[in-house]
Amino acid sequence: MDLNNPVTATYVIAAGIMILKLMGQGWITVYRMMKVGAGFRNPEDANKGLLNANPNPNQIEPNEYVERSRRMHLNDLENIPAFLVAGLLFSFTNPSLLLAQVLMYGFVAMRAMHFIAYSNAWSHEVRATFFTFGSLAIMFMAGYSIYYVF
Amino acid sequence: MDLNNPVTATYVIAAGIMILKLMGQGWITVYRMMKVGAGFRNPEDANKGLLNANPNPNQIEPNEYVERSRRMHLNDLENIPAFLVAGLLFSFTNPSLLLAQVLMYGFVAMRAMHFIAYSNAWSHEVRATFFTFGSLAIMFMAGYSIYYVF
Amino acid sequence: MDLNNPVTATYVIAAGIMILKLMGQGWITVYRMMKVGAGFRNPEDANKGLLNANPNPNQIEPNEYVERSRRMHLNDLENIPAFLVAGLLFSFTNPSLLLAQVLMYGFVAMRAMHFIAYSNAWSHEVRATFFTFGSLAIMFMAGYSIYYVF
Numbered sequence: 001m002d003l004n005n006p007v008t009a010t011y012v013i014a015a016g017i018m019i020l021k022l023m024g025q026g027w028i029t030v031y032r033m034m035k036v037g038a039g040f041r042n043p044e045d046a047n048k049g050l051l052n053a054n055p056n057p058n059q060i061e062p063n064e065y066v067e068r069s070r071r072m073h074l075n076d077l078e079n080i081p082a083f084l085v086a087g088l089l090f091s092f093t094n095p096s097l098l099l100a101q102v103l104m105y106g107f108v109a110m111r112a113m114h115f116i117a118y119s120n121a122w123s124h125e126v127r128a129t130f131f132t133f134g135s136l137a138i139m140f141m142a143g144y145s146i147y148y149v150f
Numbered sequence: 001m002d003l004n005n006p007v008t009a010t011y012v013i014a015a016g017i018m019i020l021k022l023m024g025q026g027w028i029t030v031y032r033m034m035k036v037g038a039g040f041r042n043p044e045d046a047n048k049g050l051l052n053a054n055p056n057p058n059q060i061e062p063n064e065y066v067e068r069s070r071r072m073h074l075n076d077l078e079n080i081p082a083f084l085v086a087g088l089l090f091s092f093t094n095p096s097l098l099l100a101q102v103l104m105y106g107f108v109a110m111r112a113m114h115f116i117a118y119s120n121a122w123s124h125e126v127r128a129t130f131f132t133f134g135s136l137a138i139m140f141m142a143g144y145s146i147y148y149v150f
Numbered sequence: 001m002d003l004n005n006p007v008t009a010t011y012v013i014a015a016g017i018m019i020l021k022l023m024g025q026g027w028i029t030v031y032r033m034m035k036v037g038a039g040f041r042n043p044e045d046a047n048k049g050l051l052n053a054n055p056n057p058n059q060i061e062p063n064e065y066v067e068r069s070r071r072m073h074l075n076d077l078e079n080i081p082a083f084l085v086a087g088l089l090f091s092f093t094n095p096s097l098l099l100a101q102v103l104m105y106g107f108v109a110m111r112a113m114h115f116i117a118y119s120n121a122w123s124h125e126v127r128a129t130f131f132t133f134g135s136l137a138i139m140f141m142a143g144y145s146i147y148y149v150f
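Chains as they are written, first to last, in this note's numbering: chain A, 1 to 150; chain B, 1 to 150; chain C, 1 to 150.
Honestly, the hints are just simulated from the structure, not real lab data. Among the clues, some could well be false.
[What the hints assert, rightly or not] List time: in silico PhoX-like cross-link candidates among lysine-lysine, alpha-carbon distance up to 25 Å: (1) C:K21 / A:K21; (2) C:K21 / B:K21; (3) B:K21 / A:K21.
When you get a sec, could you build the whole thing from the sequences and use the hints?
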C-alpha cells in the first residue's frame, strides 16, 4: 500500500473518516443513554454507580431516543465494513483518480446525509435515497474488482 | 497486493462475491418490506409517501418474513467482515493455491448453502452445518496467519 | 504487506486474535443455547432434531443467559471490524514499533478485559472503561492515518 499514490490516499482518507463515524455512533448512543438515564441493555446497568446516580428498573426498557441511535449504528455496521474492504480492493484495480474520488468521497457524503436524515427522522424516501447511492458505490467497487481480476 | 498472484486473485474474487452477498441481503430486506408493506423499524416509515401508499401504524411491528431477512443479515455481519480480513491476512502467508481456493471458495459455497437453508427455513441442523464449515475456514485462516508470523 | 516488518507482524497477530475472538463469541452463543436448550431465534429451531431432543415452543423466547452472549457479540461487531481496518491503515503510516504494540496489543487486552467484565456482569462503569480505551485506540489509529496522508 503506497500512501503516495493518490488513489490509495483517497481510500485512506475516506476509510479513516468512516471508521471515526462508525465509532462515533457508539458514543452518540452512550451520550443519549446518559442524557435520558434510560435505554440501557444490561440488568447490571440499572444498578447505582458513577454512571447512574438515580437507578430505576425501567432503565433497561427500550427508549426510542436511544434505540434510534442503535438502529443508526446497526445500519453503519451493514454498510461501513463492506465499504472499507470494497474500497481497499478497488484501490488496487488501477482506477482513475476521479472515479475513485467520486465513489469513495461520494460514499462518505451519502453516509453523512443518511446520518442527518436518520437523526432527524426525515422521511423513509429521503433516507432510503442516501442509503441507495452509498450501497451502489460499494457494490460497484466490489463488482469492478472481480471484473478486473478476470 | 499483486492481483496477478493467483492466491490474491482468489481472495479478491471471493471477497468481492461476499461483499455483494452482504449488500444484497440488505436489498432482500427492502424487497420484503415493500412486498408485504410491513416490518418497518422507524416510526417515520409508517407515514404516507412514495414507498408507502397505504400507511398503517401496525407497519412498524415485527413481521416474520422481514425479520428472517434481518436475522440472515446479522448472521452475515457475524461472518463476512471477519472472512474479508482473515482471507486478506492469509493471502500474505504464501499458501498453496489449492489450499487458498478450498478455504476461500469453500467459504463462499458454505455461505451460499447457508443462505438457501436459512431462506427456506430448513432444519437448524442443516443450517448449523454450513455455518460451522464457514466458521472453521475463517478461524483456520486467522490462526494460520498468527502461526506464520512466528 | 511485509510480514517481516515488526509493525506488520504486530498487526497480523493482533488482528488474528481479534478475528478468533469474534468468531469464538458466536460459538459461546451456540454453547449457551445448547446448554439451556433455549434462546433460539428461528421458529424452525424449536423443531425436534439432533440439536434439540426436547422441543418446546418456549425455546424461541429470549433467554437472558443466551442474550448476554448475543449482546457481547454485537459489541464485538461494533468494535472489531473497525479495529481490523484501522490497524491495517495505521501499520502503513510507519509508526514506531512501541506505539503500534501499545495500541494494538492494548486493544486486544482491553477487549479481553471487556469480555471478562461483560461475561460476569460486572458494573457498567468497569465495562465502559475497557470499552473506552479500546475505542480510543481505534479512533487514534484512524485519525492518525488521515493525518499521515496529509
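Okay, the hints, checked on the actual structure:
1. For the suggested pair C:K21 and A:K21, the alpha carbons sit about 24 Å apart, so the restraint of at most 25 Å is met.
2. Of the supplied pair hints, the one linking C:K21 and B:K21 holds, its CA atoms being roughly 24 Å apart against a limit of 25 Å.
3. With a C-alpha separation of about 24 Å, the suggested pairing of B:K21 with A:K21 holds against the 25 Å cut-off.
Checked against the numbered hints above, the structure violates none of them.
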